[in-house]
Amino acid sequence: MSDGQWSPSAGTGQIVVSGLTKQYKNVRAVDNLSFTVQPGRVTGFLGPNGAGKTTTLRMLLNLVTPTAGEATIGGHRYADLADPLRSVGAVLEASSAHKGRTGINHLRVICAAAGLPRQRADEALALVGLTPAANRKFKGYSLGMKQRLGIAAAMLGNPQVLILDEPANGLDPEGIRWMRGFLKGLAAEGRTVLVSSHLLSEMQLLADDVVIIAAGRLVRQGPVDQVIGSIAHGGRVRVRTPQAEELTAALREQSATVDADGHGALLVTGADAPTVGRVALAAKVELHELTTERPDLEGVFLELTAGKAEIR
Amino acid sequence: MNLVRSELLKIRTTSTWWLLGIGAFVATALAFAVNAWLAHTVLSGRGEEVGVSGAQASAPAQAAGLYTSGQYLGLLFVMLIGILMVTNEFFHQTATTTFLTTPRRTSVILGKLGAASLLGFGFWLATTVVDLIAGAAFLSLDGHGTQLGEWEVHRALLFNLLAYAIWTILGVGIGTLIPNQLGAVITAAVLYLVGTQVVQLLFFLLSNWLDSEAVVKWQVVWPAVASQVMISGEPSQFTPAWWVGALVLTGYAVVSGTAGVLITRRRDIA
Chain U
0 MSDGQWSPSA GTGQIVVSGL TKQYKNVRAV DNLSFTVQPG RVTGFLGPNG
50 AGKTTTLRML LNLVTPTAGE ATIGGHRYAD LADPLRSVGA VLEASSAHKG
100 RTGINHLRVI CAAAGLPRQR ADEALALVGL TPAANRKFKG YSLGMKQRLG
150 IAAAMLGNPQ VLILDEPANG LDPEGIRWMR GFLKGLAAEG RTVLVSSHLL
200 SEMQLLADDV VIIAAGRLVR QGPVDQVIGS IAHGGRVRVR TPQAEELTAA
250 LREQSATVDA DGHGALLVTG ADAPTVGRVA LAAKVELHEL TTERPDLEGV
300 FLELTAGKAE IR
Chain S
0 MNLVRSELLK IRTTSTWWLL GIGAFVATAL AFAVNAWLAH TVLSGRGEEV
50 GVSGAQASAP AQAAGLYTSG QYLGLLFVML IGILMVTNEF FHQTATTTFL
100 TTPRRTSVIL GKLGAASLLG FGFWLATTVV DLIAGAAFLS LDGHGTQLGE
150 WEVHRALLFN LLAYAIWTIL GVGIGTLIPN QLGAVITAAV LYLVGTQVVQ
200 LLFFLLSNWL DSEAVVKWQV VWPAVASQVM ISGEPSQFTP AWWVGALVLT
250 GYAVVSGTAG VLITRRRDIA
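Protein chains in written order, with numbering that gives the first Met the number 0: chain U, 0 to 311; chain S, 0 to 269.
One should not assume that every hint holds.
[Unchecked claim] Ranges between beta-carbon positions, derived for each pair:
no., chain 1, residue 1, chain 2, residue 2, range
1, U, Glu-188, S, Gly-250, 53 to 63 Å
2, S, Ala-54, U, Glu-92, 30 to 40 Å
3, S, Trp-242, U, Ser-33, 57 to 67 Å
4, S, Leu-147, U, Leu-142, 23 to 33 Å
5, U, Gly-139, S, Gly-250, 41 to 51 Å
6, U, Gly-128, S, Val-128, 44 to 54 Å
7, U, Gly-180, S, Val-128, 50 to 60 Å
Since the hints were derived computationally from the structure, they do not count as laboratory data. Cβ coordinates follow ideal geometry from the N, Cα and C atoms, glycine included.
Bound conformation, chain U alone (with noise of 0.2 Å):
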């Protein structure tokens, strides 16, 4: 930023959700919920439709009242915050403009009421490459100039966490690359970034740490890495052989399973790559190749939130 006020000193920007509950009427959209969310790093929010992300994101950000337990950034509740925009921007919806507003007009509003210089509104408009709509109305807006828009109020107090709900929806290609930067860079400062999405390959490449939510219910929550070895950890083995007769007795052996995957290939399961090896070296078997298929985050979420997705 520009101003450069912020330091990582000012606070710790962790987020702590616990015990968060929504009861509406005849749906429980948050059951429980607990997780937290570390400065410096990306970290995602992954759901399927209805899993109660938004609800989430808005307790969180005092726009909905919890039924039961608490969240809290850096310590306070959003309620208690002294100056909210100085410690939290969010973006939740692209459409929340005054359609008849120009962009620039809709940030000077924002800064009129959290008591930011006028010129704020200039550089957060620069600084998500606005400045040319500036005095244009927010209804002439593409749906990716209005994701830009509501990013630029976000940084408008040049806040320590950010919050974003479905940030790539309507972006193109384009726009999903630059704000894939834009938002690594912020962790990369060392403030704390929570995406919500359903888009799980961009996920993949954005975040570093996913917190993923089925049915109101926390299902896992780490490191990326981390959270795509705890399924691959019982995945699958992928072996090429000129042996496999040989091979496949020798690993049912083991008490291992082998599948042939149909294209020459044999695909072991409760064995690791090294057992594998071991087991096809003691067997004098020739390997052409032994790869551990590590699932992508998406089959990771697809598992994990298999059955739970339905409509509530």
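Let chain U serve as the given structure and place chain S on it in line with the hints.
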């Protein structure tokens, strides 16, 4: 103070205010023409022809009417501005941004109420300046003097100001009670324009049925009637004293403002 500034900026940066401003100006011009004709007729001694007699036929009373021309629709317009100040937030989904910027929602509503009363003042000032210039010129040319030294005129101007401020605040209250923009605007406009006649008719029927003329005075519980009672000053057989009207109107402003704060504090912004 920041919140009041922000609310005023919200209004300045959209077309709502000048559309309603033009509306108020046109209403003022039309009302002035009618009132001027009325004043001319009454003050040239033909008040009976238009049904005006007694204290109402005096030069100060007619001047007071002339100097507050456009009030009837003007109050409607400032109420609509008050309503739009709240319902726009939901219609354009800016409530999220507003409450993220200021999580203390009571302050947000107080800011809106503050901005609303300033706007009411602005509308009053603009219409009054127009009325004063045109009215003073007309009355002088018609040979009655400007009447600007009369307490009755001062009183009308001051209470007109109070009415403008209160009706804008009432609008904010209505907006929080009915967050649906179209619903709130139509409800308020219909109640203001048609409701008053209906209420007056109901009280008239009620007084006939109960055989008591005093009952009619109770129509002051209706805000638009209370407003008229407060401004007109002169009690009649159908209306109580001006301060009853002022009290009722203030009561509505306080109740709707308080209800607005309480409702907004609890509302989930989805």
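Comparing the hints with the structure gives:
1. U/Glu-188 <-> S/Gly-250: 53 to 63 Å: holds, 54 Å
2. S/Ala-54 <-> U/Glu-92: 30 to 40 Å: violated, 59 Å
3. S/Trp-242 <-> U/Ser-33: 57 to 67 Å: Once the Cβ atoms are compared, 59 Å apart, the range 57 to 67 Å for U/Ser-33 and S/Trp-242 holds.
4. S/Leu-147 <-> U/Leu-142: 23 to 33 Å: violated, 58 Å
5. U/Gly-139 <-> S/Gly-250: 41 to 51 Å: The hint (41 to 51 Å, Cβ to Cβ) holds, given that U/Gly-139 and S/Gly-250 are roughly 45 Å apart.
6. U/Gly-128 <-> S/Val-128: 44 to 54 Å: holds, 46 Å
7. U/Gly-180 <-> S/Val-128: 50 to 60 Å: The hinted range 50 to 60 Å holds for U/Gly-180 and S/Val-128, with Cβ atoms some 56 Å apart.
The structure shown violates the earlier hints numbered 2, 4.
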